[in-house]
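Colleague: Each protein sequence line maps, in turn, to chains R and W. When the letters of the first sequence are read in order and numbered with numbering that gives the first Met the number 0, they come out as residues 0 to 115. When the letters of the second sequence are read in order and numbered with numbering that gives the first Met the number 0, they come out as residues 0 to 366.
Rather than coming from a laboratory, the hints here were simulated on the basis of the structure. Each statement offered as a hint is correct.
Computed list of lysine-lysine pairs in DSSO-like fashion (alpha-carbon distance at most 30 Å, straight line):
1) K35/R - K89/W
2) K93/W - K35/R
3) K93/W - K60/W
4) K33/R - K93/W
5) K99/W - K89/W
One-sided and incomplete, this derived list gives chain W residues near chain R with beta-carbon spacing under 8 Å:
6) G36
7) S122
8) V170
9) L185
10) D335
Every residue, glycine too, gets a C-beta built ideally from N, C-alpha and C.
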Amino acid sequence: MFFTFLIVVILTAVALVVLAMTVANLIGPKSYNKQKAEPYECGIPTRGRSWVQFRVGYYLFAILFLMFDIETVFLFPWAVVVQEVGAYGLISIAFFLLVLILGLAYAWRKGALEWK
Amino acid sequence: MNNNSFLDYYNIQDLNMAIHEALLGVMPQWLAILLEGLAVGLLIIVLYAVLAIILIYMERKVCARFQCRIGPNRVGGKGGLLQVPADVLKILTKEIISLKGSDRFLYNLAPFLVILASIFTFSCLPWNKGAEILRMNIGIFFVLAASSIGVLGILLAGWSSNSKYTIIGAVRSGAMIISYELSIGLTVLTMVLLSGTMDIQDIVMSQDRMWNIFQGHLPAVAAFIVYLIAGNAEANRGPFDLAEAEQELTAGYHTEYSGMHFGFFYLAEYLNLFITSGIAVTLFLGGWMPLHFPGLDGFNAVMDYIPGVIWFVGKTFLVVFLLMWIRWTFPRLRIDQVLTLEWKYLMPLSLLILLIMTVCVVFGITL
Numbered sequence: 000m001f002f003t004f005l006i007v008v009i010l011t012a013v014a015l016v017v018l019a020m021t022v023a024n025l026i027g028p029k030s031y032n033k034q035k036a037e038p039y040e041c042g043i044p045t046r047g048r049s050w051v052q053f054r055v056g057y058y059l060f061a062i063l064f065l066m067f068d069i070e071t072v073f074l075f076p077w078a079v080v081v082q083e084v085g086a087y088g089l090i091s092i093a094f095f096l097l098v099l100i101l102g103l104a105y106a107w108r109k110g111a112l113e114w115k
Numbered sequence: 000m001n002n003n004s005f006l007d008y009y010n011i012q013d014l015n016m017a018i019h020e021a022l023l024g025v026m027p028q029w030l031a032i033l034l035e036g037l038a039v040g041l042l043i044i045v046l047y048a049v050l051a052i053i054l055i056y057m058e059r060k061v062c063a064r065f066q067c068r069i070g071p072n073r074v075g076g077k078g079g080l081l082q083v084p085a086d087v088l089k090i091l092t093k094e095i096i097s098l099k100g101s102d103r104f105l106y107n108l109a110p111f112l113v114i115l116a117s118i119f120t121f122s123c124l125p126w127n128k129g130a131e132i133l134r135m136n137i138g139i140f141f142v143l144a145a146s147s148i149g150v151l152g153i154l155l156a157g158w159s160s161n162s163k164y165t166i167i168g169a170v171r172s173g174a175m176i177i178s179y180e181l182s183i184g185l186t187v188l189t190m191v192l193l194s195g196t197m198d199i200q201d202i203v204m205s206q207d208r209m210w211n212i213f214q215g216h217l218p219a220v221a222a223f224i225v226y227l228i229a230g231n232a233e234a235n236r237g238p239f240d241l242a243e244a245e246q247e248l249t250a251g252y253h254t255e256y257s258g259m260h261f262g263f264f265y266l267a268e269y270l271n272l273f274i275t276s277g278i279a280v281t282l283f284l285g286g287w288m289p290l291h292f293p294g295l296d297g298f299n300a301v302m303d304y305i306p307g308v309i310w311f312v313g314k315t316f317l318v319v320f321l322l323m324w325i326r327w328t329f330p331r332l333r334i335d336q337v338l339t340l341e342w343k344y345l346m347p348l349s350l351l352i353l354l355i356m357t358v359c360v361v362f363g364i365t366l
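Extracted from the complex, chain W is given alone in its bound form (with noise of 0.2 Å):
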């Protein structure tokens, strides 16, 4: 809790105030809350579309480094920067097609879960001391339920479209990712036992003296490289991805799913992959906290110029880097090793992590 003062200075918490002490003064107090209601509204769909557009590039990008080729370059100038936005454009004036013999209520119902869950994680996310949208004392609870309606639409999707490879798909994925819950939810538990709140923006305060990879030094490494996996698992990512495994299941639960309706599950699954880096780099590598070391406070006062929203978004797109070469790495598993890996591996080591970090802190042995 030592120089504190220029992080105050980035937040902008007062500036949100300030906004709507002059709205109200001009208008009555719903208009005024409508506006607001509307701006966040709009910031959300814009900052969730230009995310996705920057994911898929340097997905693109990475892949193609990784497999020695260049990746999109013909399209808008040197680097071929308006492949992706191309595309977008390009599905959305693809035909949605109704398929018969569906189940045509829940079939247009799961992508608009998909996204609602997304949606929901995506606004917990603190960018910035003050710049969060949703803000509540179980905020990294409520990440882990809402997180879980994602699974719901996946079920629906491949249970929905009647055909084969789609259920298949569906409930490989619906296993898969409850199973991983579990590891997500011991690791999440422990770095709350870490900090002491819930609250998502209470976790990054309390990372102002070190990160906590730093302060639970042991047990909060193990914890982070559990959870990186698990949160591959449940973005449907990197080796386990073998709910929509090409060679056996053309696309998996979204293989009956055309134009904009397909783009909702491609739209959603790179978002998923931003919201675990970010759930990731708010848990254990301080969130938007700048990197501190206890006792050298000129470094921690140089280290504090830099704004919150930098150091957050560095480091989840550092994570996202992460992920997408574990992805362009690693060869496929089959369901029977993804199960084994998660109830016979991960799920002891995420227990014994917690057992471990919980006599630390207890005892007081974190750093």
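Same shape as in the complex, but just chain R (with noise of 0.2 Å):
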């Protein structure tokens, strides 16, 4: 049952998507000239290419993310069965965390949470 529901979902998803925008295409104006296709940005042309390289600080954040957000995806099964693990589950997750925490703190002495 629960398959049949997600197929409903996604396609729900994608009839909304695709009723709106053939309503829009349908009753909306057409009409094309060389300037209304430009990007608009701030209103003035734009100068150059856009697809340019980043800066970097926004790529160190992503990382720690992905690191922190893993310890969040194995701390899941944990926190259902933790009535029935008890304290010795409670030392094993402490240990875990203390892992994770020096890796935060190891992260913030070294400046990696500074944004420069």
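Taking the hints as your guide, dock the two standalone chains into a single complex.
Modeller: If you want it as structure tokens, here you go:
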């Protein structure tokens, strides 16, 4: 039953987009001129290509994110059974978290969290 | 687990089953499932559109109130009730411009991804007992996973439009959303710890003695606040709307979109606000569960008379109002401030909350 509904939800999303776009294409005006197809940006013609290299600062945060997001993924199965595994699970997960917090502390110390 | 009889009275699971049986009686199975699928799809689209219209109207009125204005008051009677439907019609009749030099395929794909993410998460919300579209044993995990599709759409939109403002907006937005996803993940984890399940309906059911925010006392309240801040950033709103800072970036990642293309981003933004609030309500404020206090049986019984869907929608709109309040009160942050707030304050704080909550749950110090 779940997969039926999952497919229904995906198809609904597709239908919503396709339906709205079709209606908009049918009743909307269509005209072409050269200026209209230019990127708007700030109102004046854009200079050069826009697909350029970007500053590395954002990339650094993306790498850090990867590490901690995987951590959260690992923690979820444990969170469900925490009441059954009790104190032993608590100690193991505390060790796991300790390693990760050390990682965060290292990144912090190295200045990876500063915006330069 | 005391007086649950009235909650079962509003349970629509039996009604669903009855309709399913009745349909099976008069037609083959594939046709019945097809009809049910169509009904569910139609329901999602109608709910989606109606909620978006209500939320946009509410945002305009709330924003006007905070800025000492009246807000929309001309179209459609006294309160300007038809203003937003008129805007929707208007946006439908606008031309969809295809850009020169853009990556045509990704440009058209981006709004679809954003809509897909918000419809996925939207269909996981528990509206009432037995009233949810997608139910699985890893429900809340699925919500986290599905909501990350949205950031892909935003990045693609910015990249494919071939304009410098959109790319700056998209990268800012991407960095911010993935950063705040950590806090969201950790606070959700905290509540999964307390409930002991990832199934959204079971999380709600586990709060029938008391809502999680009372059950988990101090760590739960702290987690709620962290979740609200991070959720606000995740929905690209409030003091965190630097990705679409009008003064510097025109409209950020959707500058180059026109007509209904832009409408999809707008729609998804408001629905994401509702979904964020809905998940907050599910995790912390008991979802569709009426206000219960242990010991006060008479009070609990009276509360049970109000249907769950009213509780859910009421609480969700309360949280929506709170988020709007935050949005129209605080000034916008810079990108370095946003990232510092997450990585140096919220993230260690949510790890600490997680540890405290673990100790509370393991040693049974919850209320």
